[in-house]
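Participant: Please model the entire structure based on the sequences and the hints provided.
4 protein chains.
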Amino acid sequence: MTKITLLIYCKDRSGIIASVTNFISQHQGNIVYIDQHVDREQNTFFMRLESEFENESFSIDEFKTEFKKTLVKTFEMKWRMYSSDIKPKMALFVSKYDHCLYDILGRYNSGELYVDIPFIISNHKDLKPIADSFNIPFYHIPVTKDTKVNAETQQLELLRSHKINFIVLARYMQIVSSRLIEEFPNKIINIHHSFLPAFVGAKPYHSAYKRGVKIIGATSHYVTAELDAGPIIEQDVARVSHTHSIEDLIAKGRDLEKIVLSNAIKLHLNRKVMVYNNKTVIFS
Amino acid sequence: MTKITLLIYCKDRSGIIASVTNFISQHQGNIVYIDQHVDREQNTFFMRLESEFENESFSIDEFKTEFKKTLVKTFEMKWRMYSSDIKPKMALFVSKYDHCLYDILGRYNSGELYVDIPFIISNHKDLKPIADSFNIPFYHIPVTKDTKVNAETQQLELLRSHKINFIVLARYMQIVSSRLIEEFPNKIINIHHSFLPAFVGAKPYHSAYKRGVKIIGATSHYVTAELDAGPIIEQDVARVSHTHSIEDLIAKGRDLEKIVLSNAIKLHLNRKVMVYNNKTVIFS
Amino acid sequence: MTKITLLIYCKDRSGIIASVTNFISQHQGNIVYIDQHVDREQNTFFMRLESEFENESFSIDEFKTEFKKTLVKTFEMKWRMYSSDIKPKMALFVSKYDHCLYDILGRYNSGELYVDIPFIISNHKDLKPIADSFNIPFYHIPVTKDTKVNAETQQLELLRSHKINFIVLARYMQIVSSRLIEEFPNKIINIHHSFLPAFVGAKPYHSAYKRGVKIIGATSHYVTAELDAGPIIEQDVARVSHTHSIEDLIAKGRDLEKIVLSNAIKLHLNRKVMVYNNKTVIFS
Amino acid sequence: MTKITLLIYCKDRSGIIASVTNFISQHQGNIVYIDQHVDREQNTFFMRLESEFENESFSIDEFKTEFKKTLVKTFEMKWRMYSSDIKPKMALFVSKYDHCLYDILGRYNSGELYVDIPFIISNHKDLKPIADSFNIPFYHIPVTKDTKVNAETQQLELLRSHKINFIVLARYMQIVSSRLIEEFPNKIINIHHSFLPAFVGAKPYHSAYKRGVKIIGATSHYVTAELDAGPIIEQDVARVSHTHSIEDLIAKGRDLEKIVLSNAIKLHLNRKVMVYNNKTVIFS
Numbered sequence: 000m001t002k003i004t005l006l007i008y009c010k011d012r013s014g015i016i017a018s019v020t021n022f023i024s025q026h027q028g029n030i031v032y033i034d035q036h037v038d039r040e041q042n043t044f045f046m047r048l049e050s051e052f053e054n055e056s057f058s059i060d061e062f063k064t065e066f067k068k069t070l071v072k073t074f075e076m077k078w079r080m081y082s083s084d085i086k087p088k089m090a091l092f093v094s095k096y097d098h099c100l101y102d103i104l105g106r107y108n109s110g111e112l113y114v115d116i117p118f119i120i121s122n123h124k125d126l127k128p129i130a131d132s133f134n135i136p137f138y139h140i141p142v143t144k145d146t147k148v149n150a151e152t153q154q155l156e157l158l159r160s161h162k163i164n165f166i167v168l169a170r171y172m173q174i175v176s177s178r179l180i181e182e183f184p185n186k187i188i189n190i191h192h193s194f195l196p197a198f199v200g201a202k203p204y205h206s207a208y209k210r211g212v213k214i215i216g217a218t219s220h221y222v223t224a225e226l227d228a229g230p231i232i233e234q235d236v237a238r239v240s241h242t243h244s245i246e247d248l249i250a251k252g253r254d255l256e257k258i259v260l261s262n263a264i265k266l267h268l269n270r271k272v273m274v275y276n277n278k279t280v281i282f283s
Numbered sequence: 000m001t002k003i004t005l006l007i008y009c010k011d012r013s014g015i016i017a018s019v020t021n022f023i024s025q026h027q028g029n030i031v032y033i034d035q036h037v038d039r040e041q042n043t044f045f046m047r048l049e050s051e052f053e054n055e056s057f058s059i060d061e062f063k064t065e066f067k068k069t070l071v072k073t074f075e076m077k078w079r080m081y082s083s084d085i086k087p088k089m090a091l092f093v094s095k096y097d098h099c100l101y102d103i104l105g106r107y108n109s110g111e112l113y114v115d116i117p118f119i120i121s122n123h124k125d126l127k128p129i130a131d132s133f134n135i136p137f138y139h140i141p142v143t144k145d146t147k148v149n150a151e152t153q154q155l156e157l158l159r160s161h162k163i164n165f166i167v168l169a170r171y172m173q174i175v176s177s178r179l180i181e182e183f184p185n186k187i188i189n190i191h192h193s194f195l196p197a198f199v200g201a202k203p204y205h206s207a208y209k210r211g212v213k214i215i216g217a218t219s220h221y222v223t224a225e226l227d228a229g230p231i232i233e234q235d236v237a238r239v240s241h242t243h244s245i246e247d248l249i250a251k252g253r254d255l256e257k258i259v260l261s262n263a264i265k266l267h268l269n270r271k272v273m274v275y276n277n278k279t280v281i282f283s
Numbered sequence: 000m001t002k003i004t005l006l007i008y009c010k011d012r013s014g015i016i017a018s019v020t021n022f023i024s025q026h027q028g029n030i031v032y033i034d035q036h037v038d039r040e041q042n043t044f045f046m047r048l049e050s051e052f053e054n055e056s057f058s059i060d061e062f063k064t065e066f067k068k069t070l071v072k073t074f075e076m077k078w079r080m081y082s083s084d085i086k087p088k089m090a091l092f093v094s095k096y097d098h099c100l101y102d103i104l105g106r107y108n109s110g111e112l113y114v115d116i117p118f119i120i121s122n123h124k125d126l127k128p129i130a131d132s133f134n135i136p137f138y139h140i141p142v143t144k145d146t147k148v149n150a151e152t153q154q155l156e157l158l159r160s161h162k163i164n165f166i167v168l169a170r171y172m173q174i175v176s177s178r179l180i181e182e183f184p185n186k187i188i189n190i191h192h193s194f195l196p197a198f199v200g201a202k203p204y205h206s207a208y209k210r211g212v213k214i215i216g217a218t219s220h221y222v223t224a225e226l227d228a229g230p231i232i233e234q235d236v237a238r239v240s241h242t243h244s245i246e247d248l249i250a251k252g253r254d255l256e257k258i259v260l261s262n263a264i265k266l267h268l269n270r271k272v273m274v275y276n277n278k279t280v281i282f283s
Numbered sequence: 000m001t002k003i004t005l006l007i008y009c010k011d012r013s014g015i016i017a018s019v020t021n022f023i024s025q026h027q028g029n030i031v032y033i034d035q036h037v038d039r040e041q042n043t044f045f046m047r048l049e050s051e052f053e054n055e056s057f058s059i060d061e062f063k064t065e066f067k068k069t070l071v072k073t074f075e076m077k078w079r080m081y082s083s084d085i086k087p088k089m090a091l092f093v094s095k096y097d098h099c100l101y102d103i104l105g106r107y108n109s110g111e112l113y114v115d116i117p118f119i120i121s122n123h124k125d126l127k128p129i130a131d132s133f134n135i136p137f138y139h140i141p142v143t144k145d146t147k148v149n150a151e152t153q154q155l156e157l158l159r160s161h162k163i164n165f166i167v168l169a170r171y172m173q174i175v176s177s178r179l180i181e182e183f184p185n186k187i188i189n190i191h192h193s194f195l196p197a198f199v200g201a202k203p204y205h206s207a208y209k210r211g212v213k214i215i216g217a218t219s220h221y222v223t224a225e226l227d228a229g230p231i232i233e234q235d236v237a238r239v240s241h242t243h244s245i246e247d248l249i250a251k252g253r254d255l256e257k258i259v260l261s262n263a264i265k266l267h268l269n270r271k272v273m274v275y276n277n278k279t280v281i282f283s
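Chains as they are written, first to last, in numbering that gives the first Met the number 0: chain A, 0 to 283; chain B, 0 to 283; chain C, 0 to 283; chain D, 0 to 283.
Keep in mind the hints are simulated off the structure, nothing from the lab. Hints should not be assumed to be uniformly reliable.
Any copy will do: because identical chains look the same in the list, a pair fits if it lies in one copy or spans two.
[To be verified] In silico DMTMM-like pairs for lysine to aspartate or glutamate, Cα to Cα no more than 25 Å straight-line:
| no. | residue 1 | residue 2 |
| --- | --- | --- |
| 1 | 209 | 55 |
| 2 | 251 | 34 |
| 3 | 271 | 49 |
| 4 | 209 | 227 |
| 5 | 209 | 38 |
| 6 | 144 | 40 |
| 7 | 86 | 247 |
| 8 | 202 | 235 |
| 9 | 278 | 34 |
| 10 | 186 | 60 |
| 11 | 10 | 53 |
| 12 | 251 | 145 |
| 13 | 77 | 235 |
| 14 | 127 | 115 |
| 15 | 209 | 40 |
| 16 | 265 | 55 |
| 17 | 202 | 225 |
| 18 | 67 | 145 |
| 19 | 271 | 246 |
As the structure is a prediction and not an experimental result, all values here were calculated from the model.
Facilitator: The following block contains the structure:
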């Protein structure tokens with residue numbers, strides 16, 4: 000049996016759902032999940048569909064080709080199609096903080112994440128022992144003003160040679176350059192330690208403390224050229240009070256960061272996220 | 000233009016979505032919303048669909064008849080179809096607490112609820128001034144052991160003569176009898192002041208205080224024969240601590256109760272709720 | 000019996016708590032609540048204390064005088080003392096939105112708020128019927144560019160003649176001028192319909208929609224000269240998704256706004272709030 | 000400098016706070032934290048106080064002796080006093096689930112927990128590699144009906160020989176017997192995977208699924224003789240819907256369990272918890 004996940008978007012018009020479901024039916028597919036969304040402001044239609052094909056002679060390549068020739072053309076769709084046979088490859092970038100790394104690797108080890116992690120890249124050596132204890136190759140690529148371009152070249156070589164599908168910045172404390180962003184559009188997941196768009200940039204917990212907010216947050220988003228301004232995938236918050244020092248905010252924040260980032264990774268892995276207009280559609 | 004909302008459920012099998020979307024297409028309908036759910040344990044398929052028909056000659060009665068003859072028969076569907084033209088009629092039952100009543104009537108007055116409220120029934124006179132200030136007829140029907148059967152007969156007469164579609168128990172402090180429940184199956188919405196199934200029955204805040212819980216809740220559910228055991232529509236919670244007295248829990252609980260109940264009413268009004276197996280499917 | 004609430008802050012140093020609790024003891028007071036906070040960054044000490052005096056000869060004025068002569072002088076305290084005998088007077092400012100008004104008046108009517116509401120001021124006539132139904136005088140004071148100064152003079156006259164203690168802007172859609180702010184420092188409570196400091200200014204739900212946030216919020220704060228930048232009293236949030244239109248955000252936001260504003264009013268009324276450094280200490 | 004944390008409770012009466020703060024003052028202590036609570040139903044007074052003694056000649060033993068002779072006697076206090084010099088010893092009990100173990104050890108490794116972990120006990124071998132990777136001794140003590148008494152004897156010997164202060168059951172899938180409970184009263188912290196008191200006992204996520212709740216929870220509590228009925232330290236919840244299978248609930252629940260358990264451990268370690276009447280006072 001082959002299982003595919005199909006994501007499409009296009010201009011909204013009458014008959015899209017009927018056409019797509021018919022197409023699946025004609026290919027002996029059984030739709031096991033369908034969800035759709037219409038952005039009325041933009042007049043844009045979004046759909047996520049999972050379908051199973053029990054027919055032994057089913058070929059995903061033929062299916063794709065025909066889908067492209069007919070529906071994609073008719074409705075001028077943007078689309079992606081994933082087979083459940085292929086396990087995605089994720090690269091982890093870290094610096095010195097270990098809480099997100101532990102959380103991701105713990106889940107990975109328990110089989111919670113359907114993903115391969117070919118390596119971890121860090122600009123510091125501190126977290127190498129953790130990578131070792133999970134038997135994941137660890138590349139120490141220091142980044143300074145002078146070596147930044149060079150370091151990125153090394154990173155890109157590793158990413159390309161391992162055919163990495165997407166990157167997770169698990170509290171990687173460097174600004175990622177446009178070369179990486181362009182090569183991995185909407186494929187670099189960052190965790191920012193504030194409730195965006197509040198407290199963009201460095202030291203958000205210090206700013207939150209100064210402003211006297213009663214709730215702090217964490218935000219996972221795709222990285223774009225503008226700092227901390229990419230499409231938001233997931234956010235969560237926690238109550239704080241005047242009794243919390245900056246250190247307390249940082250400690251509480253760590254729990255938010257790791258859960259929010261891991262949730263974002265799971266959404267991405269499960270093909271639940273569509274990006275458009277610098278926002279996300281998150282299917283259920 | 001006619002807009003319909005269609006809710007169906009049936010045994011899951013291949014081709015349901017394609018058949019239904021095709022059927023709508025053939026009748027020149029434009030699907031503006033589709034959401035589906037499959038309960039794999041029960042092998043049951045659920046769907047909610049909104050469709051617009053711009054054709055002037057469209058007749059909802061003919062559409063229903065044909066839908067029944069074809070799809071309902073083929074897939075042995077249970078189904079409901081609503082036209083957006085018809086505004087539902089809701090009866091309110093109250094006793095002495097006013098917070099849910101104020102919340103509902105405030106929303107009603109602002110146009111937030113697409114509903115008619117032909118009357119309020121209460122076993123006490125206390126809240127009559129509120130009903131008066133919103134210009135809604137108020138019927139005082141006292142309930143004692145001796146008069147209970149008689150009171151219910153009065154209630155039923157009012158409900159029938161006004162063609163009430165559903166009932167909201169806005170902190171109505173009486174147990175509703177089987178006569179009402181049978182006449183309004185999954186059409187009586189109650190608010191219980193605990194996080195069900197914890198603290199079923201009377202005085203849940205007292206029990207929560209005694210148990211020393213750190214979070215309290217409120218639950219809105221459809222009324223069934225078994226007390227506080229009907230299908231849950233909506234729940235919410237709030238943090239509490241040892242510093243809160245029983246009175247504090249009650250005060251905090253009021254805010255939960257009114258928001259949870261009003262949310263449940265809105266879900267019901269928007270035809271987002273399907274009941275099966277004593278549980279609910281809540282469409283987005 | 001007299002019950003007092005004492006709020007103090009001063010430079011932190013050794014012996015403050017012992018001195019204050021001793022002073023109360025010497026005056027035959029029984030401390031029923033004490034909570035303290037030290038801001039280590041600012042080296043500032045805060046305390047809230049409730050004490051009961053059963054002695055019939057107890058005079059709050061004498062007690063205040065002696066407290067001032069001794070402890071206030073020694074520790075250079077800023078302080079406030081409230082007797083539970085005196086019910087505060089609150090003025091409500093509204094425009095056209097009614098949800099916060101209904102929520103406040105519903106609580107007021109049920110006795111949940113220990114406060115007098117001598118009047119409601121509005122720059123529109125729309126909500127007069129609600130004021131009438133709760134028997135609260137309603138003053139329609141229109142505000143235009145030309146009449147703004149004049150309108151404020153009228154407002155100030157009403158506030159002074161009724162000896163108003165604090166003002167609540169229950170979705171009052173006008174910027175309050177410095178004259179009012181200076182006369183009521185940290186005594187004007189506003190509700191802003193976003194999770195501050197995100198989305199300062201007008202149309203925050205539109206901005207939240209545009210940014211694609213997954214959580215919206217509401218913030219109650221004291222009004223200061225800088226727009227939406229005053230000390231935060233209370234905040235709360237709610238989850239949203241791509242399925243929510245701007246109108247949905249506005250509707251969901253109303254529920255946040257009314258609960259957050261009412262909670263802030265209760266904290267203020269219960270003398271739980273201390274302001275310093277443009278932040279608040281909120282005692283439990 | 001010596002820093003002590005003092006926890007007391009006794010019958011409420013006038014003068015306790017003044018007496019204790021005076022006592023500290025007389026010993027040249029500087030109170031850096033004081034919080035108190037009165038349970039009016041039980042007429043019981045609780046206090047938590049932190050004090051620093053800079054005097055080089057300060058002796059905690061003499062201080063304790065005098066405190067006992069004077070205040071403890073006068074007010075018939077129950078009390079505990081901790082010096083910040085002594086690091087507590089915590090034993091971890093696990094079975095096969097690793098998420099709580101990873102979370103605790105990750106925090107331990109980062110220095111977030113001021114505690115020693117002399118060993119991990121498990122009735123299964125599965126998690127030994129994790130213990131190894133953190134360099135913590137791992138004792139495999141299988142438990143069957145026949146060996147239960149024997150296994151407990153081994154456990155007790157380990158606990159005694161390492162002078163363990165408290166035990167954390169990090170998803171230990173065995174019922175702890177009265178011998179351990181009596182030797183460690185209010186010193187065994189468990190995590191139960193439901194929002195207690197809902198869904199006591201085995202398979203709470205299955206019960207939650209069957210009941211159709213819209214929110215699931217996790218509860219950390221001290222273990223007492225009655226199953227899942229001990230004093231609650233911490234609880235948290237997460238929203239779920241009809242789309243979640245039992246497996247989804249279990250996965251979502253894991254995130255709750257690990258955060259709730261780690262929070263409970265931190266509260267216990269920071270001496271923030273007092274138990275009475277099968278409930279907890281949690282100081283801020």
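Participant: Determine for every hint whether it applies to the structure shown.
Facilitator: Hints and how they fare:
no.: 1; hint: 209 x 55; result: neither (63 Å within a copy, 37 Å between copies)
no.: 2; hint: 251 x 34; result: between (35 Å within a copy, 22 Å between copies)
no.: 3; hint: 271 x 49; result: both (11 Å within a copy, 23 Å between copies)
no.: 4; hint: 209 x 227; result: both (20 Å within a copy, 15 Å between copies)
no.: 5; hint: 209 x 38; result: between (38 Å within a copy, 12 Å between copies)
no.: 6; hint: 144 x 40; result: neither (44 Å within a copy, 34 Å between copies)
no.: 7; hint: 86 x 247; result: between (39 Å within a copy, 20 Å between copies)
no.: 8; hint: 202 x 235; result: both (18 Å within a copy, 23 Å between copies)
no.: 9; hint: 278 x 34; result: both (18 Å within a copy, 21 Å between copies)
no.: 10; hint: 186 x 60; result: within (24 Å within a copy, 50 Å between copies)
no.: 11; hint: 10 x 53; result: between (32 Å within a copy, 19 Å between copies)
no.: 12; hint: 251 x 145; result: neither (35 Å within a copy, 44 Å between copies)
no.: 13; hint: 77 x 235; result: neither (30 Å within a copy, 38 Å between copies)
no.: 14; hint: 127 x 115; result: both (18 Å within a copy, 24 Å between copies)
no.: 15; hint: 209 x 40; result: between (37 Å within a copy, 11 Å between copies)
no.: 16; hint: 265 x 55; result: neither (30 Å within a copy, 47 Å between copies)
no.: 17; hint: 202 x 225; result: both (17 Å within a copy, 23 Å between copies)
no.: 18; hint: 67 x 145; result: neither (47 Å within a copy, 63 Å between copies)
no.: 19; hint: 271 x 246; result: between (35 Å within a copy, 18 Å between copies)
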